[in-house]
Amino acid sequence: MSFYDEYLKYKNFNFNKFFSSVTDNQIIKSINKSKLNIEDFLVLLSPKASNYLEEMAQKAHKLTIQHFGKTILLYTPLYLSNYCTNQCVYCGFNCSNKIKRKQLSLEEVEAEAKAITSTGLKHIIILTGDARKIATVEYIKECTRILKKYFPSIAIEVYAMEQEEYEILVKAGVDLLTIYQETYNEELYDKLHVKGPKKNYRYRLEAPERACRANIRAVNIGALLGLDKEWRRDAFFTGLHAFYLQNLYLDTEVSISLPRIRPHVGSFKPGAIVNNRDMVQFMVAIRLFMPRIGITISTRENSKFRDNIIPLGVTKMSAGSITSVGGHSNKDNYTGQFETSDKRDVNQMKNAIYKRGYQPVFKDWHAI
Amino acid sequence: MEDKLVIGDVVLESRLFIGTGKYSDDKMIPKIIEKSGAQVITVALRRMDFEDKSENVLNYIPKNVRLLPNTSGARNANEAVRIARLARAAGCGNWIKIEVISDNKYLLPDGYETIKATEILAKEGFVVLPYISPDLMVAKSLVDAGAAAVMPLGAPIGTNRGLKTKELIQILIDEISLPVIVDAGIGKPSDACEAMEMGAAACLLNTAIASAEDPVLMAEAFSHSVKAGRKAYLAGLGSVSKYANASSPLTGFLDSIENC
Chain E
1 MSFYDEYLKY
11 KNFNFNKFFS
21 SVTDNQIIKS
31 INKSKLNIED
41 FLVLLSPKAS
51 NYLEEMAQKA
61 HKLTIQHFGK
71 TILLYTPLYL
81 SNYCTNQCVY
91 CGFNCSNKIK
101 RKQLSLEEVE
111 AEAKAITSTG
121 LKHIIILTGD
131 ARKIATVEYI
141 KECTRILKKY
151 FPSIAIEVYA
161 MEQEEYEILV
171 KAGVDLLTIY
181 QETYNEELYD
191 KLHVKGPKKN
201 YRYRLEAPER
211 ACRANIRAVN
221 IGALLGLDKE
231 WRRDAFFTGL
241 HAFYLQNLYL
251 DTEVSISLPR
261 IRPHVGSFKP
271 GAIVNNRDMV
281 QFMVAIRLFM
291 PRIGITISTR
301 ENSKFRDNII
311 PLGVTKMSAG
321 SITSVGGHSN
331 KDNYTGQFET
341 SDKRDVNQMK
351 NAIYKRGYQP
361 VFKDWHAI
Chain L
1 MEDKLVIGDV
11 VLESRLFIGT
21 GKYSDDKMIP
31 KIIEKSGAQV
41 ITVALRRMDF
51 EDKSENVLNY
61 IPKNVRLLPN
71 TSGARNANEA
81 VRIARLARAA
91 GCGNWIKIEV
101 ISDNKYLLPD
111 GYETIKATEI
121 LAKEGFVVLP
131 YISPDLMVAK
141 SLVDAGAAAV
151 MPLGAPIGTN
161 RGLKTKELIQ
171 ILIDEISLPV
181 IVDAGIGKPS
191 DACEAMEMGA
201 AACLLNTAIA
211 SAEDPVLMAE
221 AFSHSVKAGR
231 KAYLAGLGSV
241 SKYANASSPL
251 TGFLDSIENC
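Chains as they are written, first to last, in our numbering: chain E, 1 to 368; chain L, 1 to 260.
Worth double-checking, as some hints may not be accurate.
[What the hints assert, rightly or not] Which chain L residues stay away from chain E? Per the calculated CB distances, all over 10 angstroms, these: (1) Arg46; (2) Met48; (3) Arg66; (4) Asn94; (5) Leu136; (6) Gly158; (7) Ile176; (8) Met198; (9) Ala210.
[Unchecked claim] Here are the computed distance ranges between Cβ atoms for each label pair: (10) L:Lys164 with E:Asp190: 33 to 41 angstroms; (11) E:Ser2 with L:Glu51: 37 to 45 angstroms; (12) L:Ser54 with E:Tyr203: 38 to 46 angstroms; (13) L:Asn78 with E:Val194: 29 to 37 angstroms; (14) L:Lys164 with E:Ser2: 19 to 27 angstroms.
[To be verified] Computed cross-link-like contacts, DSBU-like style, restricted to lysine-lysine with a CA-CA straight-line distance of at most 35 angstroms: (15) E:Lys98 with E:Lys62; (16) E:Lys59 with E:Lys70; (17) E:Lys70 with L:Lys188; (18) L:Lys166 with E:Lys35; (19) E:Lys70 with E:Lys29; (20) L:Lys22 with E:Lys59; (21) L:Lys4 with E:Lys148; (22) E:Lys29 with E:Lys114; (23) L:Lys123 with E:Lys59; (24) E:Lys33 with L:Lys123; (25) E:Lys148 with L:Lys105; (26) E:Lys62 with L:Lys63; (27) E:Lys70 with L:Lys123; (28) L:Lys123 with E:Lys35; (29) E:Lys171 with L:Lys166; (30) L:Lys231 with L:Lys35; (31) L:Lys188 with E:Lys29; (32) E:Lys148 with L:Lys123; (33) E:Lys70 with E:Lys102; (34) L:Lys35 with L:Lys22; (35) L:Lys35 with E:Lys149; (36) E:Lys29 with L:Lys22; (37) E:Lys98 with E:Lys70; (38) E:Lys62 with L:Lys227; (39) E:Lys304 with L:Lys27; (40) L:Lys63 with E:Lys9.
FYI, nobody ran anything at the bench for these hints, they're computed from the structure.
No experiment lies behind these values; they were computed from the predicted model shown.
Ideal Cβ positions, reconstructed from N, Cα and C, are used throughout, including at glycine.
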């Protein structure tokens, strides 16, 4: 039994038929329930529910303050390596893209750590491409060992691993796994992942569960919105996946990200344009469905959008992001995984959050 | 007669304990402390930043206020013990609020692991204040384990739902010799007042103040309500009757007929 079985229950569900049957009464009832079920969540994702965005946002705002307060946790990515054996058509690190490849030495990792520390950030996420023979588990473990001296919280966003491999990294000090399914649409997934280990849909889908069993403190999942032309479907499966994980692994903190596809090297055309209204609908619907879930928004989004969604449900934001390998300490021009949109530095981000009446939080974990 | 709360060997005037989380700016904290009159404030070790001088919550806590570090984030006894030791080593004193939560859905505390952590830490000289579900057997075990107080929840943490567990808290107040401090779930000053009227030794709350439109004013409101509830408890509440007592329809005849 895994989330794949849960996925199969809804795989052939007629979403459009359901959405067209949703009534105003159903929407109002779902918004006002104190405990929503999965069907309520789907009701709130319906096109019709976008007419009730303000009502949903008001409730999402109250729930977020109740459970998280007026705070936004800040973190930044640290790219360790961009070697990759996958051909994911939407990604800048695609192995067929002719970009300069680089993997940081341990000395360079330390230099990056020092550069990030000087900005005041305490939470980092380390990233690699999918080249497990180059960016090995052992290499990631060694990097973690160095980074632990500088950061109380270390997250990983790397290739899908075995439970035993996650156990090694958890023991080394990793406390959060971020892994995006990209799209839950199995057929589309197969098309977008032309070649490489990532092509195995189910292995990736079940990775968060393996990490939970490895006793990791937190997992963060998401779909790259815009890959599937039906973004509501991917939003629904993200919520279903989070709900499944939280029910099964009570002691793991489950959170979600809402990444939206951004320009990058290559010529991939997104399946859909997910507009700001859609993003907000997804964010407030998931907040109503899972009031305690952490929600992350990265610098893929522009500063105006990020500033305005602060009261709506987001709890964690990246700041001062650089998506190229070694970019924090070295100005060599390596190609980034994607182009960031919000280019503000940590200090500017901090001030922007205060200006909205929220507290930027730099430290919310202590390695024990 | 002086009415003081004694925890460990510390005598407290105020029966309102507050928290530090969820504020839009830590700079509000001194004012909140002042208006609430609180002498004890809880801080999660995970949030303390000993290296960053500008973003450290401890900067905003006056020296005369007792720090109650908590083990937020601990999923078992072992993690709670490690966090407590880190807090003490960092100079936060020997008080510790044990919070062991392995349920991210409702954030309900794990009684068994809490007892284990309390036993270890009490032996190491900590003044242990464990956060629990109001379960009499767990509370009794905590007394044996060396806790300095027990802190039952009124409702799941952060819910502001009030004293949903009232009956069970009353049992703890009646049966446990340690101070019973109602922690979590208190949403309104009237909830805190009710807990104090029942005989709770104190109330600990955070969300109700931090998520108010005007947290400083709400801190003041809680200060009054806790004092009012305590005074009412000391004064002895009058008995409550469902019916008016003007006559005794069933037994009145006893006075009207000859007694033989």
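Do the hints match the structure? See the list:
At roughly 5 angstroms from the closest C-beta of chain E, the C-beta of Arg46 (chain L) falls inside 10 angstroms, breaking its exclusion from the interface. Distance check for Met48 (chain L) against chain E: the nearest CB is about 7 angstroms away, which does not clear 10 angstroms, and the non-interface claim fails. Every C-beta of chain E lies more than 10 angstroms from that of Arg66 (chain L), the closest at about 21 angstroms, which supports listing it as non-interface. For Asn94 (chain L), the non-interface assignment is confirmed: its Cβ lies about 18 angstroms from the closest Cβ of chain E, beyond the 10 angstroms cut-off.
The Cβ of Leu136 (chain L) lies farther than 10 angstroms from every Cβ of chain E, with a closest approach of about 24 angstroms, so its non-interface assignment holds. Under the 10 angstroms C-beta cut-off, the non-interface status given to Gly158 (chain L) relative to chain E is violated; the minimum distance is some 5 angstroms. No Cβ of chain E approaches the Cβ of Ile176 (chain L) within 10 angstroms, the least distance being about 28 angstroms, so the stated non-interface status holds. The Cβ of Met198 (chain L) lies farther than 10 angstroms from every Cβ of chain E, with a closest approach of about 25 angstroms, so its non-interface assignment holds.
The beta carbon of Ala210 (chain L) sits about 6 angstroms from the closest Cβ of chain E, which is not more than 10 angstroms, so the claim that it is off the interface is violated. The supplied range of 33 to 41 angstroms is broken by Lys164 (chain L) and Asp190 (chain E), whose beta-carbon atoms lie about 49 angstroms from each other. Checked against the hint of 37 to 45 angstroms, the pair Ser2 (chain E) and Glu51 (chain L) passes, with Cβ atoms roughly 41 angstroms apart. Between Ser54 (chain L) and Tyr203 (chain E) the C-beta distance comes to about 45 angstroms, which sits within the given range of 38 to 46 angstroms.
For the hinted restraint 29 to 37 angstroms between Asn78 (chain L) and Val194 (chain E), the CB-CB distance of approximately 46 angstroms leaves it violated. Lys164 (chain L) and Ser2 (chain E) have their C-beta atoms about 36 angstroms apart, which leaves the hinted 19 to 27 angstroms range violated. For the given pair, Lys98 (chain E) sits about 48 angstroms from Lys62 (chain E) by alpha-carbon distance, which is inconsistent with the 35 angstroms threshold. For the suggested pair Lys59 (chain E) and Lys70 (chain E), the alpha carbons sit about 15 angstroms apart, so the restraint of at most 35 angstroms is met.
Taking the CA atoms of Lys70 (chain E) and Lys188 (chain L), the gap is about 19 angstroms. The hint holds against a cut of 35 angstroms. For the hint linking Lys166 (chain L) to Lys35 (chain E), the alpha-carbon distance of about 23 angstroms falls within 35 angstroms, and the restraint holds. A hinted pair counts as satisfied when its Cα atoms are at most 35 angstroms apart, and Lys70 (chain E) with Lys29 (chain E) qualifies at roughly 27 angstroms. Between Lys22 (chain L) and Lys59 (chain E) the CA atoms are separated by roughly 18 angstroms; this keeps the pair inside 35 angstroms, and the hint holds.
A threshold of 35 angstroms between alpha carbons decides the hint, and for Lys4 (chain L) with Lys148 (chain E) the separation of about 45 angstroms lies outside it, so the pair is violated. Restraint check for Lys29 (chain E) and Lys114 (chain E): not satisfied, since their Cα atoms lie roughly 51 angstroms apart, outside the 35 angstroms limit. Pair hint Lys123 (chain L) plus Lys59 (chain E) does not hold up; C-alpha atoms about 46 angstroms apart against a cutoff of 35 angstroms. Only pairs whose Cα atoms come within 35 angstroms are accepted, and Lys33 (chain E) paired with Lys123 (chain L) is rejected, the gap being roughly 47 angstroms.
Annotation: proposed proximity of Lys148 (chain E) to Lys105 (chain L) holds, straight-line Cα distance about 29 angstroms (limit 35 angstroms). At most 35 angstroms may separate the alpha-carbon atoms for a hinted pair to count; Lys62 (chain E) and Lys63 (chain L) meet this at roughly 33 angstroms. Of the pairs offered as hints, the one joining Lys70 (chain E) and Lys123 (chain L) is violated, with about 38 angstroms between alpha carbons and a cut-off of 35 angstroms exceeded. The suggested pairing of Lys123 (chain L) with Lys35 (chain E) is violated, with an alpha-carbon distance near 42 angstroms, which exceeds 35 angstroms.
For the given pair, Lys171 (chain E) sits about 42 angstroms from Lys166 (chain L) by alpha-carbon distance, which is inconsistent with the 35 angstroms threshold. Between the alpha carbons of Lys231 (chain L) and Lys35 (chain L) the distance comes to roughly 19 angstroms, so the proposed pair stays at or under 35 angstroms and holds. Taking the CA atoms of Lys188 (chain L) and Lys29 (chain E), the gap is about 26 angstroms. The hint holds against a cut of 35 angstroms. Restraint check for Lys148 (chain E) and Lys123 (chain L): satisfied, since their Cα atoms lie roughly 31 angstroms apart, inside the 35 angstroms limit.
Using a Cα cut-off of 35 angstroms, the hinted pair Lys70 (chain E) and Lys102 (chain E) is violated, with the two alpha carbons roughly 39 angstroms apart. The straight-line distance between the Cα atoms of Lys35 (chain L) and Lys22 (chain L) is roughly 18 angstroms, inside the 35 angstroms bound, and the hint therefore holds. Taking the CA atoms of Lys35 (chain L) and Lys149 (chain E), the gap is near 40 angstroms; set against the 35 angstroms cutoff, the hint is violated. Restraint check: the Cα-Cα separation between Lys29 (chain E) and Lys22 (chain L) comes to about 29 angstroms, which is no more than 35 angstroms; the hinted pair holds.
Note on Lys98 (chain E) and Lys70 (chain E): the hinted pairing is violated, with a Cα-Cα distance of about 44 angstroms set against a maximum of 35 angstroms. A distance of roughly 29 angstroms separates the Cα atoms of Lys62 (chain E) and Lys227 (chain L); the hinted pair therefore holds under the 35 angstroms criterion. Between Lys304 (chain E) and Lys27 (chain L) the alpha-carbon distance is near 26 angstroms, which keeps this suggested pair within the 35 angstroms criterion. For the suggested pair Lys63 (chain L) and Lys9 (chain E), the alpha carbons sit about 58 angstroms apart, so the restraint of at most 35 angstroms is broken.
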